[in-house]
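Asks: Spelled out from the first residue to the last, the chains are:
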Amino acid sequence: MGLWPLLGVLIVILGFALKFDAILIVMVALVVTAFAGGMGLTSMLEVLGTTFVNNRGMAIFIIIMLATGTLERNGLKESAAALIKRFKKVSAGIIIDIYGVFRMIFAAFNVSFGGVAGFVRPIILPMALGTIQAKKVPGNPEYEEELKGIASAMENVCWFFGQVLFVGGAGALLVQSTLKDLGYEVTLGKLALVEIPVALAALLFTSIYFTFKEKRLREKYFGKELDQ
Amino acid sequence: MSFYTDPSIDLGTKLLEVLNCIMGLMLLYTSYRNLRDKSNPHPYGTSLFWGVLGVLIGFGRFIPPVVCGVLIFVMAVPAILKKVATGTSRLPSKERMTQMSEKLGLKIFIPALSIGVFAILFAVFTNLGALVGVGVGVFVAIFILMFFSKENTPQVFLDDASELLGAVGPLSTLPMLLACLGAVFTSARVGTIISKAVGAVVPEGNVLVGIIIYAIGMVLFTAIMGNAFAAITVMTVGIGAPFVFALGADPALIGMVALTCGFCGTLLTPMAANFNIVPVAMLEMKDKYGVIKNQLPVAIFMLIFQIGYMILFK
Chain A
1 MGLWPLLGVL
11 IVILGFALKF
21 DAILIVMVAL
31 VVTAFAGGMG
41 LTSMLEVLGT
51 TFVNNRGMAI
61 FIIIMLATGT
71 LERNGLKESA
81 AALIKRFKKV
91 SAGIIIDIYG
101 VFRMIFAAFN
111 VSFGGVAGFV
121 RPIILPMALG
131 TIQAKKVPGN
141 PEYEEELKGI
151 ASAMENVCWF
161 FGQVLFVGGA
171 GALLVQSTLK
181 DLGYEVTLGK
191 LALVEIPVAL
201 AALLFTSIYF
211 TFKEKRLREK
221 YFGKELDQ
Chain B
1 MSFYTDPSID
11 LGTKLLEVLN
21 CIMGLMLLYT
31 SYRNLRDKSN
41 PHPYGTSLFW
51 GVLGVLIGFG
61 RFIPPVVCGV
71 LIFVMAVPAI
81 LKKVATGTSR
91 LPSKERMTQM
101 SEKLGLKIFI
111 PALSIGVFAI
121 LFAVFTNLGA
131 LVGVGVGVFV
141 AIFILMFFSK
151 ENTPQVFLDD
161 ASELLGAVGP
171 LSTLPMLLAC
181 LGAVFTSARV
191 GTIISKAVGA
201 VVPEGNVLVG
211 IIIYAIGMVL
221 FTAIMGNAFA
231 AITVMTVGIG
241 APFVFALGAD
251 PALIGMVALT
261 CGFCGTLLTP
271 MAANFNIVPV
281 AMLEMKDKYG
291 VIKNQLPVAI
301 FMLIFQIGYM
311 ILFK
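In the order they appear, the protein sequences are chains A and B. Its first residue numbered 1, the first sequence is counted upward by one per residue in our numbering. Its first residue numbered 1, the second sequence is counted upward by one per residue in our numbering.
Bound-form chain A, shown alone (with noise of 0.2 Å):
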């Protein structure tokens, strides 16, 4: 048969890599995947529709925005940041650890409050760097631009590593979907449970990094005399 299907993964890898449109790199990869592998047209039209039609469970999103959208006018983004601003008295890499907890907490229930657009900028990093304006002292760019990096990994770990908790994630349905092609039959449950380990020890991590990571910046840009 030779290396020609290969074709199809050459496409997906070049697509992508090149930031083509997603969903045209996917029909084009799909169209010619299954004439290089010699499928024909109707088998591929008949795959393709069954695949699509067994792995409805995906659009499950769907369904979730008839409640999320509303929750979002009922003021969720409002209440989750007086929830935060509770915390006084604390560094700038603390309060960035109690939002990655949130974060990861609210992604395991599907529940997100905007990322960086919706909550970092306007919420956490006011907050964060409100911790050293309170101390009367010159704000510093270098260690701002610092908390700002910080502050966005923080997002994208908690989000990525949160989200694989939420029992039928896009994540873990697609696994799932990959699995049953290749004859293994997986439930929700159990790759969910399987990722708990391993968020623990993400969020464990970077918040510790972070913690020590901001202390060091903050002394070095502030000085230790900060502290007391």
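A hint or two may mislead.
What the hints assert, rightly or not - Computed footprint of chain B on chain A; a stretch qualifies when at least three of its residues, placed anywhere within it, have a C-beta under 8 Å from a C-beta of chain B:
hint : region
1    : 26-39
2    : 56-62
3    : 100-113
4    : 167-174
5    : 196-204
Just so you know, these hints were derived from the structure itself, not from any lab. Using N, Cα and C, we set each Cβ at its ideal position, and we do this for glycine too.
Given the structure of chain A, go ahead and fit chain B onto it with the hints provided.
Replies: Chain B only, in chain A's frame:
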């Protein structure tokens, strides 16, 4: 109707089909709403996309597979041509939402958490499946929200959902399309070809080597493509199945953790622009790689941790 009365089909499957029908109707409503939305720059393309998706999700079971295949191509056209858009948002003002937040306080978290809680409850205590639990959780959340405020009418929920769908856009169907691509890869024997090529270099029959290649392969593929979901199907078919699962390792644990190994690749790559580059602009940072640099130690630690975890619990 014969589907719902057939006793040989279990209740979980039937309930899931009911959820699919509801989602299909939601999508058809979204299609209709966008068609009539004067503020949408592409009402026809948008309406076509959501309408066809609605037919596929809601009634795909009752349509011949070949016809579904054709419909998927029809749906992809407006998405690829960038003719799927949104109208202006009708969310209330920030003040209004703050006011609601002050009124409800922490109570708002009860409906917010109910979806996940019911998913877990159904996964653990019933054999109906987690997805049916998600559906039940959504309706519990809706009832609680209606109880909180008279302003939360069914129409409001439908319109908010339809607006949210518009905001997420066609890319929300990517995981489903990738699953289809994975199936076509399997049918075209892509996995066999990759595994033969890898097998020529790597000693077969060593599960430790298999796990390490699967994990690192996920990181590299994801870093190149910027998308772990695209990498997982290729890597699982080509490496995971022949070099790891075939040797008796647990497919659920290794297959799932392989996906999160891919997330380490996402943390490292500017290709995942949404996560790593867009925030740089949004937070007005000077260093283009300021986010990635902070994620590098985390990604390295998590890769080592996950490889160790897979080897210990395989």
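Asks: Verify the coverage statement for the region 56-62 of chain A against chain B, using a C-beta to C-beta distance below 8 Å and requiring 3 or more qualifying residues.
Replies: n = 7 at 8 Å, threshold three: holds.
Asks: How about the region 26-39 of chain A: do at least three of its residues have a C-beta closer than 8 Å to a C-beta of chain B?
Replies: Holds, because 10 residues of the region 26-39 of chain A bring their Cβ atoms closer than 8 Å to Cβ atoms of chain B.
Asks: Count the residues of the region 100-113 of chain A with a beta-carbon closer than 8 Å to any beta-carbon of chain B: does the count reach three?
Replies: Held - the region 100-113 of chain A has 5 residues with a Cβ nearer than 8 Å to chain B, which meets the minimum of three.
Asks: Per the coverage rule (Cβ-Cβ under 8 Å, at least three residues), is the region 167-174 of chain A covered by chain B?
Replies: holds (count 7)
Asks: Are three or more residues of the region 196-204 of chain A within 8 Å, CB to CB, of chain B?
Replies: The restraint on the region 196-204 of chain A holds, since 4 of its residues have a Cβ under 8 Å from chain B and three suffice.
Of the numbered hints stated above, none is contradicted by the structure.
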